[in-house]
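From first to last, the protein sequence lines are chains A and R.
All the letters of the first sequence, read from the start, carry residue numbers 1 to 249 under the working numbering.
All the letters of the second sequence, read from the start, carry residue numbers 1 to 337 under the working numbering.
The set of hints was computed from the structure by calculation and includes no laboratory data.
Note that this is a predicted model, so its numbers are computed, not measured.
Quick reminder that beta carbons are idealized off the backbone N, C-alpha and C, glycines included.
Please note that the accuracy of each hint is not assured.
Okay, the calculated beta carbon distance ranges per label pair [unchecked claim]:
| hint | chain 1 | residue 1 | chain 2 | residue 2 | range |
| --- | --- | --- | --- | --- | --- |
| 1 | A | S194 | R | L315 | 56 to 64 Å |
| 2 | A | Q224 | R | Y139 | 20 to 28 Å |
| 3 | A | K183 | R | D332 | 24 to 32 Å |
| 4 | A | N82 | R | L26 | 45 to 53 Å |
| 5 | A | S237 | R | L120 | 53 to 61 Å |
| 6 | R | A190 | A | N82 | 53 to 61 Å |
| 7 | A | N82 | R | D332 | 38 to 46 Å |
Residues from chain A that face chain R, not an exhaustive set, calculated with beta carbons under 10 Å [unchecked claim]:
| hint | residue |
| --- | --- |
| 8 | N43 |
| 9 | F213 |
| 10 | R218 |
| 11 | I245 |
| 12 | M246 |
The primary structure of each chain is shown beneath.
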Amino acid sequence: MSSANQLLLEAKNVTKYFGTITALENVNLKIHAGECLGVVGDNGAGKTTLMKVLSGLYKPSAGSLHFEGKEKVLESPRDSQNLGLEMVYQDLALAGNLPIGENIFLGREPTTNLGLLKFLDYKKIKELTEAHLGKLKINVKSADQKVEELSGGQRQAVAIARSTAFNAKVVIMDEPTAALAIKEVGKVLDLINSLKKTGVGVIVISHRMDDIFAVCDRVMALFQGTNFAESELSNTSRDEVIGWIMGKK
Amino acid sequence: MDSKDQEKDSLYLKLIPYFEKYGILLLLVIMIVVMHFLQPDVFLSWRNVTNVFKQISWQSMLALGVFMVIVTAGIDLSVGSIMMLSLMILAIVAKAGAPWYIVVITPLIAGFLCGLFNGLGITLLRMPHPFIMTLGTLYIFRGTGNLISGGTPISGFTDEVRYLGHGRIDLTWLGLEKSQYLPVSLVLIAIVYIIFWIFMNKTRTGKWIYAIGGNPNAARASGINVNKILVIVYSLCGFLSGIGALILAGRTDSGYPNAGLQSELDAIAACIIGGASFFGGRGTVLGVFAGVMIMGILRNGLNLMDVSSFWQQVLIGSIIVLAVYVDVLRRDFGTRK
């Protein structure tokens, strides 16, 4: 299982200031292929800032990012996407007025080019969407359905499908079950487990201990912008992790 | 889910898209039928129908530009002023004796540059809302138009310059009478609307315009350069206002200070009647066309029936409110499970 243990992404001593506020200070993070890392922490602990640094939305004030062993500087989300690093945002970042397929391929649509004009290849979008949704076993009535007509769980599934449509190696999910009905949570967790099996490294930011303990292999806690604690899941307990979130060891 | 439910469900699913797409055309057809019964001799006569198209010709350009802006959840209040400034520049260039092909291009370039100015202002100056930038340029562009012309009309253009707004395509070779000509402006409307229909529905940029209106954060997270697309949209809106100026120059044979006064509101009204949403991401080119037609036919019909223009204002205002209310009801119907 050498490929399963391959180190995909490493953040070294990442620091981020916003003016005089220190949002992150010397934070380290590692994620391997086929592994799920849970990131926990109280509001304002720096979880979201860390994810935005990893996705290229923020540039770190200090520290570095290494992808498959090589140092990379991310100028924009497009850079991180090109490396195979995808983000599923808490607000899902879907355009409700567009169909499922067009959301999955938004910004990276297959096109036929005619001079300067790029015409969308609707047929290909539909084919690729159906194949991809089928692979992830996501059930929707039609790839042409508008996202605003979907349930919260279906939307989350579309967001995850979107993040994995381009051979993602690492998928970062911000509170993937926060807005979901209880019966839909299970489906999303199943989806995360099946991603892990395909060798994708998954980072899950969550407040919900149930989620962390259902899908993660390792858990790390941020407290006031620093690494506070980290452990294999098998060596810790819910109560201990909840303690970390509150800054108690 | 039992089969009866499924049947009902699929009927909903089948009907809703058609209703959403063509509901506004239904309203248009109803209006035409009603007008025909009220004015059976005149309303559908060749002369009157071509008249309607000539009257809506330049408004339809402004409405199309404003429509694209509204799809991005923005607004452009300056289209009337852009048209006036472009018209004044056209008039000055024409009076200076420039050849017709230069005169014809000037309003298009002027309109495009005005739109570019709006787009850059909104994005680079990080205006809290396009309303503010374009409210500013509504005054700036009209003021500039008055400054360069001295606030007086400049009249008299050559036939080539007037062709798009005033030209006639002879149809006598079809066995029709001399009076049964096709206005060039009607053909122009058709061509421009088809081009922009293709642009909005078939190209990637068009899709991104809808995506920005649907969720700007999603567009940004997808790596779309939102500011660049916005600049393109406002520039195209200005360009279309420039075409409007060229048509108006042909129709009136004059550059005049009050050109396009308050026409931005007509353009917005046409978009709203046509089903575009102020929240962005919703609306069709066909809908805008229907919106422009509905306003044009309403004005024309009320004129034929000698209804005072004050009543026209009341009626158009009522139709705006009614059209949006129908849209609200439609959405309730559409989301019912």
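Hint check:
1. A:S194 x R:L315: 56 to 64 Å: holds (59 Å)
2. A:Q224 x R:Y139: 20 to 28 Å: With Cβ atoms ~51 Å apart, the hint is violated.
3. A:K183 x R:D332: 24 to 32 Å: 26 Å Cβ-Cβ, so the 24 to 32 Å window holds.
4. A:N82 x R:L26: 45 to 53 Å: Holds: the Cβ-Cβ distance is about 47 Å, inside 45 to 53 Å.
5. A:S237 x R:L120: 53 to 61 Å: holds (57 Å)
6. R:A190 x A:N82: 53 to 61 Å: With a Cβ separation near 43 Å, A190 (chain R) and N82 (chain A) fall outside 53 to 61 Å, so the hint is violated.
7. A:N82 x R:D332: 38 to 46 Å: holds (43 Å)
8. N43: The hint is violated - N43 (chain A) has no Cβ within 10 Å of chain R, the shortest such distance being about 20 Å.
9. F213: Violated - the Cβ of F213 (chain A) stays beyond 10 Å from chain R, reaching only about 29 Å at its closest.
10. R218: violated (26 Å)
11. I245: violated (27 Å)
12. M246: violated (31 Å)
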